[in-house]
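Protein chains: 4
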Amino acid sequence: MAGNTIGQLFRVTTFGESHGLALGCIIDGCPPGLALTEADMQHDLDRRRPGTSKYTTQRREPDEVKILSGVFEGQTTGTSIGLLIENTDQRSKDYSNIKDKFRPGHADYTYHQKYGVRDYRGGGRSSARETAMRVAAGAVAKKYLKQVHGIEVRAYLSQMGDVTIDKVDWDQIEQNAFFCPDADKVEAFDELIRKLKKEGDSIGAKLTVVASNVPVGLGEPVFDRLDADIAHSLMSINAVKGVEIGDGFDVVEQRGSEHRDAMTPEGFKTNHAGGILGGISSGQDVVAHIALKPTSSITVPGETINRQGESTEVITKGRHDPCVGIRAVPIAEAMLAITLMDHLLRHRGQNADVVTETPKI
Amino acid sequence: MAGNTIGQLFRVTTFGESHGLALGCIIDGCPPGLALTEADMQHDLDRRRPGTSKYTTQRREPDEVKILSGVFEGQTTGTSIGLLIENTDQRSKDYSNIKDKFRPGHADYTYHQKYGVRDYRGGGRSSARETAMRVAAGAVAKKYLKQVHGIEVRAYLSQMGDVTIDKVDWDQIEQNAFFCPDADKVEAFDELIRKLKKEGDSIGAKLTVVASNVPVGLGEPVFDRLDADIAHSLMSINAVKGVEIGDGFDVVEQRGSEHRDAMTPEGFKTNHAGGILGGISSGQDVVAHIALKPTSSITVPGETINRQGESTEVITKGRHDPCVGIRAVPIAEAMLAITLMDHLLRHRGQNADVVTETPKI
Amino acid sequence: MAGNTIGQLFRVTTFGESHGLALGCIIDGCPPGLALTEADMQHDLDRRRPGTSKYTTQRREPDEVKILSGVFEGQTTGTSIGLLIENTDQRSKDYSNIKDKFRPGHADYTYHQKYGVRDYRGGGRSSARETAMRVAAGAVAKKYLKQVHGIEVRAYLSQMGDVTIDKVDWDQIEQNAFFCPDADKVEAFDELIRKLKKEGDSIGAKLTVVASNVPVGLGEPVFDRLDADIAHSLMSINAVKGVEIGDGFDVVEQRGSEHRDAMTPEGFKTNHAGGILGGISSGQDVVAHIALKPTSSITVPGETINRQGESTEVITKGRHDPCVGIRAVPIAEAMLAITLMDHLLRHRGQNADVVTETPKI
Amino acid sequence: MAGNTIGQLFRVTTFGESHGLALGCIIDGCPPGLALTEADMQHDLDRRRPGTSKYTTQRREPDEVKILSGVFEGQTTGTSIGLLIENTDQRSKDYSNIKDKFRPGHADYTYHQKYGVRDYRGGGRSSARETAMRVAAGAVAKKYLKQVHGIEVRAYLSQMGDVTIDKVDWDQIEQNAFFCPDADKVEAFDELIRKLKKEGDSIGAKLTVVASNVPVGLGEPVFDRLDADIAHSLMSINAVKGVEIGDGFDVVEQRGSEHRDAMTPEGFKTNHAGGILGGISSGQDVVAHIALKPTSSITVPGETINRQGESTEVITKGRHDPCVGIRAVPIAEAMLAITLMDHLLRHRGQNADVVTETPKI
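Chains L, F, U and X are the protein sequences, given in the same order.
Following the working numbering from start to finish, the first sequence increments by one per residue and tops out at 571.
Following the working numbering from start to finish, the second sequence increments by one per residue and tops out at 571.
Following the working numbering from start to finish, the third sequence increments by one per residue and tops out at 571.
Following the working numbering from start to finish, the fourth sequence increments by one per residue and tops out at 571.
Warning: the hint list may mix true and false statements.
The list treats identical chains as interchangeable, and a pair is accepted whether it falls inside one copy or across any two copies.
Unchecked claim - Pairs of lysine-lysine residues, derived as BS3-like cross-links and limited to a Cα-Cα distance of at most 27 Å, are as follows:
id, residue 1, residue 2
1, K309, K356
2, K356, K408
3, K527, K356
4, K276, K309
5, K303, K527
6, K407, K570
Calculated directly from the structure, the hints in this document are not laboratory data.
Using the sequences and the hints, build the whole thing.
Structure representation (structure tokens):
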């Protein structure tokens, strides 16, 4: 059934296959009066784009987004915004290799069984290529959040394989090809990637996404809690296998006296909660972590079956990242921004009358 | 805005505060013809119920559920099912302690700021008491899944504090008060709980939820992927701070050649993916893990502020679990069952025509 | 699939059969801070209630509504509001007459074919008894609209059979049992009803619903236009077969020069549009008309079939209105109020930033 | 808030302004395996297209639709279908006339007040130009309904001004420019249109939409009744001011003994209900009527105000239909088809298990 939409009031619907004619997106519910041009989206699209560094795939898509509606004289009009990216680099390739085989670790088998038919070219709809549109829509949300509310959404690579970062220097993130906030670890990441390329293998990654300056009050308990909706939106990114809010799985070993964040007139003393209490933002930074699996598109041969159900082997050649986690940084930002944007509008709808006399901390 | 509903075709909407008159739920979209009585729900409600063992809170709610509609002559009719549990144990208590103070680690502050008004009695709507209705609704989903499709949804405690289990014996789970599948660890859990009670402190926990016999094909990419919707539904449970599918955060250190599950004519050789590929169930067991934070309802004094924004201290007396994770076992089962049920119906709607000639493995 | 919910931000979900244990409703998304007691709903419930006059059915239900959640110390808290009405007058009746026969003009046949099972007692879920909950939920919407925005939603009977009203005197509506705004027509209505009762037959009716003081701007083009959503909500009332906005079907014979409402600095000169332009409220009165069919619950024998598909005859005895349109007046008000309330919150969510310098007329 | 989507399982989302770069649409939830090409949509687009006859506007848009995704090797894949129509006839026109004035009877004023900004070129998003995408999406639904279930959805002009048809000959509908099923009335329609053109005025119309071969069981009471959803989808068409199901407003004067459709082993004897009982399709033809207002785009000067709220006058020059009802025939078909398609999938989701032994009539 229809599953290509995310959000309730800020609603993003996408289409497009890896090797089809184009990718597209409709943003419905963007408030009117926001200054918006293609350039606002292009920056993040470029950050996500393959082929931008030697660490990511060499597929070259300009990923040029076009605004087709919803903007008039440079401003959003409150009507639905149509976005389009044409696929210019659809190499006419020989797909006989994967047409009748199901690549292990890929969606080939499940798409085939679910739909009875599948666009096998480059993974079709299951390809991470569709995330370009998430990034474009996310850029709109990011701009609104920043401009109207001062909310900033940023992400970084916090671990790849067994290499972890030791510090977070926000100024470093855009200074290297890994979105790594710890300059001292860039070389280790570099080395790991080079090793994997040589071996034709891949590796997983952990990202951290942070939204700062989030107002208190976002989130709609009990099911559309902010954390639940963030978990949904981040887990919907290709290759993500885990989502944490705040301390995440570390809480398993924590005591209550240690985990709860003390409150003072000057604010919270710690942020174990990741900025969300009872499913509602607390005014602290919203912090989430995600785990991305190593891509299965590798040249190490894999055991699998064909459409007849017979045993066979497959190698995935082509232009593939050894670590898909790197390029997921702008995607994670986009998804968190879309979810925050949606909750901001939802909160406004129901709670416009609310006046509290309690000081916000 | 409206956030008390989960699901699209199998839709569960709940109401009720901890110390209000009653909890209630409407299940909309349950297929007709399912044999259903209160007893089908009571079993899981009893498993979740506080006061059933010395390890959980001593609040005594019979939690007796009543079916008010949607069932005729013992069968569901396809119309909306109304469920009700009266709150019989609303001790008239002195709430002056928490009326004007925000307990750290609780939703007191965020509810107050969001809504301007809050039912402070026992946490009101933010109390885990509302999960009783999730369990009741989940029991309906579990029954349908089991009876019509042979799908079984079960959960267990896999870690509390630093005590982890070493093996999973499904027969052990209901034999102890911890839903622990490893008989050899029951004593260690018991000891930990006793220690915490003495100290007035609490501890986090990790649960594992497994659905077996799931058909291939459930999940609606790209946003309503099965894993994304599971992340949403599990993260919506009170106190959950992390969700993993399959290997979860372990994938960060895995290689692609190691993570991808090889396919053979006899089936998958491993299940690193947790039964979901490309957001669609693969036919393997669906496996998820969740991390539950230590409850903040402890007798260790906590630093906080009052409604005037002034510094103060708070102690949470009352009947509270040292580890809320234990009672969350039936809740986690319920939420996974609700999500699978929803996706089963969604899949049926769009894909009723699909015929594949590929053998399912 | 799940169809027992209406609204997006102000969301109403109902359950309950005619002769089940109870009717219930969850209102999700009501803004916090609204003073609310059962009495606020009871007035409209009493207006809808059967047995209140000699013109309506003699079934005697006190229809006493209970608030189970979402209200604390007399104020809504922003959490979901649970409402319950127990069915106290479930006469243990002999249903053998309609158990195996499909009453013509009723939902018996379609429910049976759709679900394979049906609660035949008094029509089960298809009975207009469920509208009691619409009225209760509508009363909450009406109170908020009135109190916070000064919006008033009222309805009246404008035609029954061939008897039409000639004038609208709002003060008359509650002065007679027909919700008739034209005192001179009360006797004609009375005579018609008495005649029908004698003949065991029924008659159709036309109602007019008006919302005054509606702000300009409500409605979300292009599909969730205000008129489209009003059409949905009014057509969802039992027995409604037609919905008009403003001049409705009269527009077929109108000229453009005649239909368009001229605008002046003092406001619109006419209201052919019924207060909606381009799917958005214009600030004028929102005016709708609905046609209600004559009930099929009559004692004139009807030709039909039984479950075996064989020809037979059926008479519907019992306590039935000769004109269901009369009691539909508070129901129509409720549905319009629910839809306006929903759109008010939706509009607020997206357009909170909008500032126009154009004077509202 | 987001209102540019219709449907739940078969979900259509659109974008595009009258004089923007392009119109677009995403169809989400179309079952896989349906043979689909642009030609399947082009036929209905051509029927809707302005400039096809001397009776409709002379704006010349080729309205050529392109499928951008969701179709592979000529078959739908179950993924979202992206459609695009470029606006090729965006005359660079002088809009100073309507830029600062609100045309009476148009959405100019309400869009301006709601959003604070509007694309005034040709009405922007409020223009009926957006219905091209409804027609394209509707064509997909029509094809599926016809091919898989034998359901046919057709419409015709039943009245324009005071000229009504006397008979329905389906074969005549495509033989004239009015979609008129009564050959004897074509001349009278022609005469009326010529007269209006001369006068620079416009006229309303009434259309009838019929779906035949609809299976029993579609519709989800109590709110998502089939009739309620049809009312929503038909009322969402520009200029529609009234919707009737079956006998519609005629029921006001009918008796119950006359209205209810007798059932026999051979089927229903009449169809006053319009094929829907209790909100569920009965297996008879689904019949709806709609009233379309006379367009306000006329050359007769109209009294209005400007953005400063001052009195002024306006004339709408340009290429406009004297009767927008004519071109609405394929639009009405499209909307009914989309709603039926959605309900077909919804019904399948919940009721796949249902087996009744009662013969369908």
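Taking the hints in turn, this is what the structure says about them:
Proximity of K309 to K356 under the C-alpha cut-off of 27 Å is found in neither arrangement, the shortest distances being 45 Å within a copy and 31 Å between copies. Taking CA atoms no more than 27 Å apart as the test, K356 paired with K408 passes in neither setting, with 42 Å inside one copy and 48 Å between copies. In this assembly of identical chains, the alpha carbons of K527 and K356 never lie at most 27 Å apart, being 41 Å within a copy and 42 Å across copies at closest. For the identical chains of this complex, K276 and K309 are inter-copy neighbours only, at 26 Å across copies versus 32 Å inside a copy, given an alpha-carbon limit of 27 Å.
In this assembly of identical chains, K303 and K527 lie within 27 Å of each other by CA distance solely inside one copy; the values are 11 Å within and 53 Å between copies. Taking identical chains as interchangeable, the C-alpha atoms of K407 and K570 are never at most 27 Å apart, the minima being 51 Å within one chain and 34 Å between chains.
Hint compliance for this structure: hints 1, 2, 3 and 6 are broken, all remaining hints hold.
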